[in-house]
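*Asks:* These protein sequence lines map, in sequence, to chains S and R.
Each residue of the first sequence is one higher than the last, beginning at 1 in the working numbering.
Each residue of the second sequence is one higher than the last, beginning at 1 in the working numbering.
Rather than coming from a laboratory, the hints here were simulated on the basis of the structure.
Hints may be right or wrong, so weigh each one.
To be verified - Derived, one-sided and incomplete: chain R residues facing chain S with beta-carbon distance under 7 Å:
{"no.": "1", "residue": "A13"}
{"no.": "2", "residue": "L30"}
{"no.": "3", "residue": "R37"}
{"no.": "4", "residue": "I54"}
{"no.": "5", "residue": "H56"}
{"no.": "6", "residue": "L63"}
{"no.": "7", "residue": "E65"}
{"no.": "8", "residue": "V68"}
{"no.": "9", "residue": "I71"}
{"no.": "10", "residue": "G118"}
{"no.": "11", "residue": "V147"}
{"no.": "12", "residue": "V151"}
Stated by the list, open to error - Restraint-style ranges between C-beta atoms, simulated for each label pair:
{"no.": "13", "chain 1": "R", "residue 1": "G137", "chain 2": "S", "residue 2": "G21", "range": "55 to 63 Å"}
{"no.": "14", "chain 1": "R", "residue 1": "R53", "chain 2": "S", "residue 2": "K23", "range": "50 to 58 Å"}
{"no.": "15", "chain 1": "S", "residue 1": "V68", "chain 2": "R", "residue 2": "A66", "range": "46 to 54 Å"}
{"no.": "16", "chain 1": "S", "residue 1": "D78", "chain 2": "R", "residue 2": "E34", "range": "25 to 33 Å"}
{"no.": "17", "chain 1": "R", "residue 1": "G186", "chain 2": "S", "residue 2": "E34", "range": "51 to 59 Å"}
{"no.": "18", "chain 1": "S", "residue 1": "T146", "chain 2": "R", "residue 2": "E121", "range": "42 to 50 Å"}
{"no.": "19", "chain 1": "R", "residue 1": "P38", "chain 2": "S", "residue 2": "V68", "range": "48 to 56 Å"}
{"no.": "20", "chain 1": "R", "residue 1": "P38", "chain 2": "S", "residue 2": "G116", "range": "50 to 58 Å"}
{"no.": "21", "chain 1": "R", "residue 1": "G19", "chain 2": "S", "residue 2": "E95", "range": "37 to 45 Å"}
{"no.": "22", "chain 1": "R", "residue 1": "A4", "chain 2": "S", "residue 2": "P38", "range": "51 to 59 Å"}
{"no.": "23", "chain 1": "S", "residue 1": "T146", "chain 2": "R", "residue 2": "E148", "range": "52 to 60 Å"}
{"no.": "24", "chain 1": "S", "residue 1": "G186", "chain 2": "R", "residue 2": "P70", "range": "14 to 22 Å"}
{"no.": "25", "chain 1": "S", "residue 1": "G186", "chain 2": "R", "residue 2": "E34", "range": "41 to 49 Å"}
As the structure is a prediction and not an experimental result, all values here were calculated from the model.
In this text, a Cβ means the ideal position worked out from N, Cα and C, and glycines have one as well.
Chain by chain, the residues run as shown.
Number of protein chains: 2
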Amino acid sequence: MAAAPLLDQLVEALRCLPGVGPKSAQRMALHVLERDRPGALRLAGVLQEAAQRIGHCRVCRTLTEAEVCPICADPGRDGRVICVVETPADVLAIEQATGFRGRYHVLLGQLSPLDGIGPEELGLDRLEARLAQEGVGELILATGTTVEGEVTAHYIGEMARERGVRTTRIAHGVPLGGGLEYVDRGTLSHAFEGRREY
Amino acid sequence: MAAAPLLDQLVEALRCLPGVGPKSAQRMALHVLERDRPGALRLAGVLQEAAQRIGHCRVCRTLTEAEVCPICADPGRDGRVICVVETPADVLAIEQATGFRGRYHVLLGQLSPLDGIGPEELGLDRLEARLAQEGVGELILATGTTVEGEVTAHYIGEMARERGVRTTRIAHGVPLGGGLEYVDRGTLSHAFEGRREY
Ligand SMILES: [Zn+2]
Ligand SMILES: [Zn+2]
């Protein structure tokens, strides 16, 4: 009687998921317990393994359980084009919406000196090393269109220009102030195709 | 490279939750991995334990990891009133919406002879034994207002009448054709208070 009933614990634990309030957490808990225990056990196993084993790609910093992610490890991808995005969700959005066959650099944030997020926190030392070594011919800046996203793009653009690397910025159609992951595929694909010199 | 990447497995596994499509599964997976790994590990642990250990109360058949659920085990509850509901979700809805201090019988379904769901599958033998032993003075029929719910209520009402137990049916305000768990608290509370002889 000391600990809360397991059902209450489960409802509470489900609320770590985004967009899940008390009512939907309760509905989820009852649904899996009454109708899909195998699914619940599979989710429990995968969730634990993912939370323990998934880290960041040594090359591009996206989420992966491998040392080098499948995209960076794929010899069929074009290493001469690197697309800079803010989050792993942006990588998935571009992969799902566009025919992009280059590689990525994932910032895992935006420049924000006041919060202690400088070039090193965004892995820009590593990006600079890739620009120097890999014969990169184009750097696509696909950071968000927020002020911080623009400042970050500007900073990286300057860095690339100093190394003589052509820089483009995705443009048409991405709504102002929004994150890439919420843009529909058509708009994102269009913005990708319509990128221009930066 | 043989197995799908863990992130893909996680997105897929999250879809066992009701109302979670591919897009929200992806958002959930990325959210917990980027921002709440402790929450993900806690959820994994509780989910596994719940799926393995939660069964049905020996007395009322609601979901619980104990042999007898906290409501049935609570000496402060009034054993002379039993409320018959279809699902554990209905128990939670009534507990959260009303001041009911009696006990429950959870059918875990509705009478449906064509699907092989008869009185025994609904635990009515056990309910009948409780009516005989516990000095029950009122049986509240809170099954849904669907045709099957009404048929089930009618059957149980007859059973109670044969034993001379007073039977009531929750009434006012519960919309026709809906499950109890989707009714707002006020409506449900009102329907509960406004129950009448059945
Ligand atoms: Zn990578
Ligand atoms: Zn019980």
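*Asks:* In this structure, is the beta-carbon distance linking S:D78 and R:E34 contained in 25 to 33 Å?
*Replies:* holds, 27 Å
*Asks:* Verify the interface restraint on R:I71: the C-beta must sit less than 7 Å from at least one C-beta of chain S.
*Replies:* violated, 10 Å
*Asks:* Does R:V151 pass the interface hint, meaning its C-beta sits closer than 7 Å to a C-beta of chain S?
*Replies:* Violated: closest Cβ of chain S sits about 21 Å from R:V151, beyond 7 Å.
*Asks:* Using the nearest Cβ pair, does R:V147 come within less than 7 Å of chain S?
*Replies:* violated, 22 Å
*Asks:* S:G186 and R:E34, beta-carbon distance inside 41 to 49 Å?
*Replies:* This hint is violated: roughly 26 Å between Cβ atoms.
*Asks:* Verify the CB-CB distance for R:R53 and S:K23 against the hinted window 50 to 58 Å.
*Replies:* violated, 24 Å
*Asks:* Would you check whether R:V68 satisfies its interface hint, that is, whether its CB is within less than 7 Å of any CB in chain S?
*Replies:* violated, 12 Å
*Asks:* Confirm or reject the claim that S:V68 and R:A66 have a C-beta distance inside 46 to 54 Å.
*Replies:* Holds - the Cβ-Cβ distance for S:V68 and R:A66, about 49 Å, lies within 46 to 54 Å.
*Asks:* Holds or violated: 51 to 59 Å for the Cβ distance of R:G186 and S:E34?
*Replies:* Given range 51 to 59 Å: violated, Cβ gap about 26 Å.
*Asks:* Are S:T146 and R:E121 spaced within 42 to 50 Å by their CB atoms?
*Replies:* About 57 Å separates the Cβ atoms of S:T146 and R:E121, which means 42 to 50 Å is violated.
*Asks:* Was the hint right that R:G118 lines chain S, CB cutoff 7 Å?
*Replies:* Status violated, d = 20 Å.
*Asks:* Taking the CB of R:P38 and the CB of S:V68, does the distance hold inside 48 to 56 Å?
*Replies:* violated, 27 Å
Hint compliance for this structure: hints 5, 8, 9, 10, 11, 12, 13, 14, 17, 18, 19, 20, 21, 22, 24 and 25 are not met, and every other hint is.
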